Amino acid sequence: MSDDFLGTLADSWLGQVANGQFWMWPFLENLHFIGLSAMVGGLLVIDLRVIGIGPARFIPMKPALSLIPYLMAAFAINLVTGTIFFVAAPFSYYYNPAFQWKIALIAIAGINALWFWFGEHSKLCAIPEDEDTPIAAKMIAGISLVLWAGVIILGRLLPYF
Amino acid sequence: MAFFQWLEDTGLGVYMREDPWGFAIALSAHSIGMSMALGVVIVATLRALNVLRQIPLQAHAYLYPTAWAGFIVNLISGLALYVSHATEYSYQVVFMLKLGLIIAGGFLFKAMIDSARDFGDDAGKTKMMAALSLSCWILAIITGRLMAYF
Chain U
1 MSDDFLGTLA
11 DSWLGQVANG
21 QFWMWPFLEN
31 LHFIGLSAMV
41 GGLLVIDLRV
51 IGIGPARFIP
61 MKPALSLIPY
71 LMAAFAINLV
81 TGTIFFVAAP
91 FSYYYNPAFQ
101 WKIALIAIAG
111 INALWFWFGE
121 HSKLCAIPED
131 EDTPIAAKMI
141 AGISLVLWAG
151 VIILGRLLPY
161 F
Chain C
162 MAFFQWLEDT
172 GLGVYMREDP
182 WGFAIALSAH
192 SIGMSMALGV
202 VIVATLRALN
212 VLRQIPLQAH
222 AYLYPTAWAG
232 FIVNLISGLA
242 LYVSHATEYS
252 YQVVFMLKLG
262 LIIAGGFLFK
272 AMIDSARDFG
282 DDAGKTKMMA
292 ALSLSCWILA
302 IITGRLMAYF
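These protein sequence lines map, in sequence, to chains U and C. All residue numbers for the first sequence refer to the working numbering, where the first residue is 1 and numbers rise by one. All residue numbers for the second sequence refer to the working numbering, where the first residue is 162 and numbers rise by one.
Read the hints as simulated data drawn from the structure, not as lab findings. Since the structure is predicted, the reported quantities are computational estimates derived from the model, not experimental observations. Take these hints with a grain of salt, some might be off.
[To be verified] If you want the ones that stay clear, here's a sample from chain C, every Cβ over 12 angstroms from chain U, calculated:
hint, residue
1, Val-175
2, Arg-178
3, Leu-260
4, Ile-264
[Unchecked claim] Simulated restraints on C-beta separations:
hint, chain 1, residue 1, chain 2, residue 2, range
5, C, Gly-172, U, Pro-26, 30 to 36 angstroms
6, U, Pro-97, C, Met-162, 37 to 43 angstroms
7, U, Phe-161, C, Met-257, 27 to 33 angstroms
[As the list claims (entries may be wrong)] One side only, chain C facing chain U, incomplete, derived with CB under 8 angstroms:
hint, residue
8, Leu-188
9, Ser-196
10, Met-197
11, Gly-200
12, Val-201
13, Ile-203
14, Thr-227
No residue lacks a Cβ here, since even glycine has one placed at the ideal position from N, Cα and C.
Let the hints inform the model, and build the full structure from the sequences given.
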């Protein structure tokens with residue numbers, strides 16, 4: 001993205017709105033924090049159930065997987081608020097290494113989620129409750145938790161870079 | 162107060178202020194712990210409120226150890242953050258509110274669990290406690306975030 005384009009974003013209607021009111025930025029930040037917590041709740045249910053260690057292995061599988069739309073809704077809150085942050089202050093994000101890594105991890109987590117959806121989801125729906133989950137599914141779930149923890153930490157560290 | 166000054170002068174307080182990574186590491190841990198504790202609270206209370214429907218409310222108990230782990234991470238990281246600026250935070254209204262909301266949110270969550278056990282998942286009291294607990298925890302996130310603005 002060229003600096004001209006980033007400048008256009010900052011001057012856009014959305015950028016003006018986000019920067020216009022003193023309460024708008026903290027309001028969006030709060031939504032972003034609530035969205036991230038809501039999303040992690042869904043991730044914990046699904047990923048810990050699929051990994052199958054600890055008491056979370058007793059959560060019934062199909063109901064656990066039914067949280068996927070909830071998870072997507074929570075992610076959507078953060079996609080929208082995050083996009084507004086970027087549009088409103090593009091120069092403080094675009095050249096920030098913590099932001100670049102954060103976006104890279106989100107992209108990898110997205111591919112990981114697609115792998116889960118197309119590779120493992122139907123298998124997990126089909127296996128009996130007392131049977132161990134496939135090793136590939138456990139790996140995907142573990143990678144998901146690690147990636148999203150990285151995303152949260154990098155997000156929190158954005159002001160330090 | 163002399164006590165708050167003493168807290169700031171402890172080894173931990175000095176480290177948290179002087180090492181540029183002290184505060185950053187504690188904040189990172191604090192956001193991870195928040196997502197673990199709040200994530201479970203949000204999913205369980207939304208279930209009690211019938212926004213989410215599939216998982217039985219009781220099955221969320223399997224995630225309470227995860228929520229407690231997040232809470233303990235935040236108790237420790239929060240204490241480290243507090244000690245570094247004890248003379249400021251001790252008089253900050255949003256911080257006092259946040260502590261009160263966390264305590265209230267915790268007891269209300271417990272009240273939700275007890276009500277579900279005694280009166281059932283669909284009892285009005287269970288839903289009321291779920292709604293109040295969720296509100297307290299959401300406001301705890303908000304007051305926590307707003308500490309940076311006051």
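| field | Unmet hints by their number, sorted upward, for this structure | value | none
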